[in-house]
Amino acid sequence: MSVRYIDEFRDGTLARTLAERIRTEARPERRYHLMEFCGGHTHAIFRYGVPDLLPENVRLIHGPGCPVCVLPIPRVAHALQLALDHRVVLCTYADLLRVPGPERETLLKAKAGGGDVRMVYSASDALAIARAAPDRQVVFFAIGFETTTPPTAVVLKQAKALGLANFTVHCNHVLTPPALAGLLDSPDAQVPGALPLDGFIGPAHVSAVIGSRPFEPHVERYRRPLVIAGFEPLDVMQAILMLIRQLNEGRCQVENEYTRVVTRDGNVKAQALMAEVFELRERFEWRGLGELPASALRIREKYAGFDAERRFTLADTHATDNKACECPDVLRGLKQPTECKLFATVCRPDNPIGACMVSSEGACAAYYTFGRARERRHVPA
Amino acid sequence: MCLAVPARIIELLPEGMARAEVGSVVKELNLCLVDDVEVGEYVIVHVGFALSRLEPDEAEATLALFAEAGMLGEDEDDTAVGRA
Amino acid sequence: MTAIKRAYPRPLDLKTGRVDLSHGSGGRAMAQLIEELFETHFDNPWLAQRNDQACFAVDAGRMVMTTDGFVISPLFFPGGDIGSLAVHGTINDVAMAGARPLYLAVGMILEEGFPLGELALIVRSMADAAKAAGVAIVTGDTKVVERGKGDGVFITTTGVGVVPPGVEISATRARPGDAVLLSGSIGDHGVAVLSKRESLSFETELLSDSAALHGLVAAMVEAVPGIHAMRDPTRGGLAALLNEIARESRVGIVVREDAIPVSTPVRGACELLGLDPLYVANEGKLAAFCAPEDAGRLLAAMRAHPLGREAAIIGEVIDDPDGFVQMHTSFGGNRIVDWLAGEQLPRIC
Chain E
1 MSVRYIDEFR DGTLARTLAE RIRTEARPER RYHLMEFCGG HTHAIFRYGV
51 PDLLPENVRL IHGPGCPVCV LPIPRVAHAL QLALDHRVVL CTYADLLRVP
101 GPERETLLKA KAGGGDVRMV YSASDALAIA RAAPDRQVVF FAIGFETTTP
151 PTAVVLKQAK ALGLANFTVH CNHVLTPPAL AGLLDSPDAQ VPGALPLDGF
201 IGPAHVSAVI GSRPFEPHVE RYRRPLVIAG FEPLDVMQAI LMLIRQLNEG
251 RCQVENEYTR VVTRDGNVKA QALMAEVFEL RERFEWRGLG ELPASALRIR
301 EKYAGFDAER RFTLADTHAT DNKACECPDV LRGLKQPTEC KLFATVCRPD
351 NPIGACMVSS EGACAAYYTF GRARERRHVP A
Chain D
1001 MCLAVPARII ELLPEGMARA EVGSVVKELN LCLVDDVEVG EYVIVHVGFA
1051 LSRLEPDEAE ATLALFAEAG MLGEDEDDTA VGRA
Chain S
2001 MTAIKRAYPR PLDLKTGRVD LSHGSGGRAM AQLIEELFET HFDNPWLAQR
2051 NDQACFAVDA GRMVMTTDGF VISPLFFPGG DIGSLAVHGT INDVAMAGAR
2101 PLYLAVGMIL EEGFPLGELA LIVRSMADAA KAAGVAIVTG DTKVVERGKG
2151 DGVFITTTGV GVVPPGVEIS ATRARPGDAV LLSGSIGDHG VAVLSKRESL
2201 SFETELLSDS AALHGLVAAM VEAVPGIHAM RDPTRGGLAA LLNEIARESR
2251 VGIVVREDAI PVSTPVRGAC ELLGLDPLYV ANEGKLAAFC APEDAGRLLA
2301 AMRAHPLGRE AAIIGEVIDD PDGFVQMHTS FGGNRIVDWL AGEQLPRIC
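Residue numbers (the numbering used here), protein chains in the order written: chain E, 1 to 381; chain D, 1001 to 1084; chain S, 2001 to 2349.
To be clear, the hints were calculated from the coordinates, so they are not data collected in a lab.
Note that the coordinates shown come from a computational prediction; the quantities given were computed from them, not determined experimentally.
Be a bit skeptical, because a hint or two may be false.
To be verified - Under the rule of at most 30 Å between Cα atoms (straight-line distance), these lysine-lysine pairs were calculated in the BS3-like manner:
| no. | chain 1 | residue 1 | chain 2 | residue 2 |
| --- | --- | --- | --- | --- |
| 1 | S | Lys2143 | S | Lys2196 |
| 2 | E | Lys109 | S | Lys2149 |
| 3 | E | Lys160 | E | Lys111 |
| 4 | E | Lys111 | S | Lys2196 |
| 5 | S | Lys2196 | S | Lys2015 |
| 6 | S | Lys2196 | S | Lys2149 |
| 7 | S | Lys2143 | S | Lys2131 |
| 8 | E | Lys323 | E | Lys335 |
| 9 | E | Lys335 | E | Lys157 |
| 10 | E | Lys109 | S | Lys2196 |
| 11 | E | Lys157 | E | Lys302 |
| 12 | E | Lys341 | E | Lys109 |
| 13 | E | Lys302 | E | Lys269 |
| 14 | S | Lys2131 | S | Lys2015 |
| 15 | E | Lys111 | S | Lys2143 |
| 16 | S | Lys2149 | E | Lys111 |
| 17 | S | Lys2131 | E | Lys157 |
| 18 | E | Lys111 | E | Lys157 |
Looking at chain E on its own, in the form it has when it is part of the complex (with noise of 0.2 Å):
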């Protein structure tokens, strides 16, 4: 029995199908460069093997798109802060638990340590964890891209509604068409030939939030056409097709391969709801990106009760990463994994140096756990 509207976007025979009108399109005399912004995608690329059917002169280069890869060091050492100093029950997601922080601190080993992290699958859970222990401080640390951020001001919303005293918000929340562009004008991108990045596969579900709408600018502005897809490796084929078509016939737009769940105007209940707990902020550092005006959210006015930028006093450190981690350069897809002297000899998912291989989603890691016999030429005996 199979998963239904997941086992059929990942057919084996489907996909021969499409790898050879892949082949049949790419025209051989130039080569197509395509970066996947998503997170998800690169993980999805390198689980399914994704590179192995398609032809040598279509690359991947894997993008950004990961908020746990981004999200910096002294907003990691706030929420150590959270747990160790203030003493909070600091629930998160549990893609968090494993990024290092000033001197390497992660908050699996300050729960070691005896600080009470709380791993959640949703942020209603770290509201139910609060309504159950009122004596109790709690701090859902939220992190995540426009897909993650609509649960949040639900939640942030619902405390409000039921006069909770005892929670509050870390709010770092980030915004994908701000990183899109902040990767496209960054002074290497301006290098003619340094970026070769002729188009983009698009978020899948950042878009079911936002829309598709949001990229038409980007299109515009850094003429290189976008299609967004969704997560199973079909999907990611079927938008390689057609950003190969869209490269050969001269023509740069926004298309959606994701149509089952995404349109143009997004969400749009999702969307206000956002608008209406959140604003941006002026500027947010980025890890590997640096700063980027107008990328993140904070809490509004309105919600400042449930603000724990507000209520707690948290240090601001300024840590920065190994000065041999490369990810700045993976991060926009100026470098692969493999060219980082760091990747697979002291920096593994196991000891993550940076933030490309901290998660699962980053480049780094999603290239180590799946990808990395890829090097060789191998034929099985």
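Fit chains D and S to the given chain E structure using the hints.
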């Protein structure tokens, strides 16, 4: 970038909640971000919240596009352009 | 029973009674606990002698010995509990050497305040599992720790068994060309346990696959005495097992995703939580490595046994100085199946 899976609504519960099924496993989720969801419909679930409906007709259309790719001849064809 | 009634003023209160420090102190309370729970349920001539050790004769030959600690939470899960898990787990570790399990020893560490009724359920479950497997629990120990210093119950089981002559099963013996066989679907135990964890709770009919595998192993060894390697994919799942064998035998392994059985509820739960079934624990499955000419016969023997109905050949051992475990995905591309980095945690991304 965010892990979200298609789930079939099997029961509506009070306060905007519902029970939904993925591969015979049933989980409670929050429907408040999507209006007027009915039993039998599919939604995309992310961290315990439905973010959007999944439209079965579009799913079938997309699958048909994949299959079509194998039926095209050597000449390039414009048919596989999804709606933006 | 009348003897017990005379020795103790009242029987153990299994309805409302709790473990207290006197149950571990070596006095009358502890003796009663042992008699009314352990001796009554485990019920064998060794325990009846009430020595601190069990004495048994051993045939000349090779013995195996193994030990395991069980700290699972929750203690009771769909398809089993810490007791049956402990018995099955240790029997399986003995069986993975191709050995026939003979006897078990049990050490229990109880937390002050643990309900006696639950303890009785666990002990009965251990007794049933041992009886069904034809293995006696011949000696044991009980300690009590203060409230807050133990998670209800911790169990350590030690098992001994004998290896038939001519059987040399070891993680170091897999060779290029060997077939890799799996006895059934993966991920059942881990998902069944996860479904009961707070904050992840989901509903499923899925049961843990916890089972004693020595009967299956006996049938396998009879069909193919020359099995090279065998192991059960417990913590870390099938991925850990394959990487361990690859490392110890200094080989590579290639498996096919299509050939690995995964039940629908396991797939549903893994999709929902962002888990990979390859890394999810199993307690009633095994993987075996044998020469290619023996694979057909071994597969038939496995499928003929109730615990091996879904057995499949999932891949082969190859020559690989890097020792990678690789998988041909059902999609058509390749990936490696790496060691798990830390504990597998559900993803949002």
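Under the criterion that the straight-line Cα-Cα distance not exceed 30 Å, is the pair Lys111 of chain E, Lys157 of chain E satisfied?
-> 29 Å, holds
Going straight from one Cα to the other, do Lys160 of chain E and Lys111 of chain E come out at no more than 30 Å?
-> 29 Å, holds
Is the hinted pair Lys111 of chain E and Lys2196 of chain S satisfied, with a Cα-Cα distance of at most 30 Å?
-> OK: Lys111 of chain E and Lys2196 of chain S at ~22 Å, within 30 Å.
Pairwise hint evaluation, Lys2149 of chain S against Lys2196 of chain S, where the allowed Cα distance is 30 Å at most | Measuring from Cα to Cα gives roughly 23 Å; hence the hint holds.
Taking 30 Å as the top limit, are the C-alpha atoms of Lys2149 of chain S and Lys111 of chain E close enough?
-> Measuring from Cα to Cα gives roughly 17 Å; hence the hint holds.
Starting from Lys111 of chain E, check that the Cα of Lys2143 of chain S is at most 30 Å away, please.
-> 28 Å, holds
Does Lys2131 of chain S pair with Lys2015 of chain S here, judged by a C-alpha cut-off of 30 Å?
-> 25 Å, holds
Between Lys2196 of chain S and Lys2015 of chain S, is the straight-line Cα distance small enough, at 30 Å or below?
-> 24 Å, holds
Would the pair Lys157 of chain E and Lys302 of chain E pass a check requiring their Cα atoms to be no farther apart than 30 Å?
-> Judged against 30 Å, a Cα distance of about 10 Å means the pair holds.
For the pair we were handed, Lys323 of chain E and Lys335 of chain E, check the Cα-Cα distance against 30 Å.
-> 15 Å, holds
Agreement of Lys109 of chain E and Lys2196 of chain S with the hint, judged by alpha carbon distance not exceeding 30 Å | 25 Å, holds
Verify the proposed pairing of Lys109 of chain E with Lys2149 of chain S, using a straight-line Cα cut of 30 Å.
-> At roughly 20 Å apart (the allowed maximum being 30 Å), Lys2149 of chain S and Lys109 of chain E satisfy the hint.
Of the hints listed earlier, those the structure fails to meet are numbers 9 and 17, in rising order.
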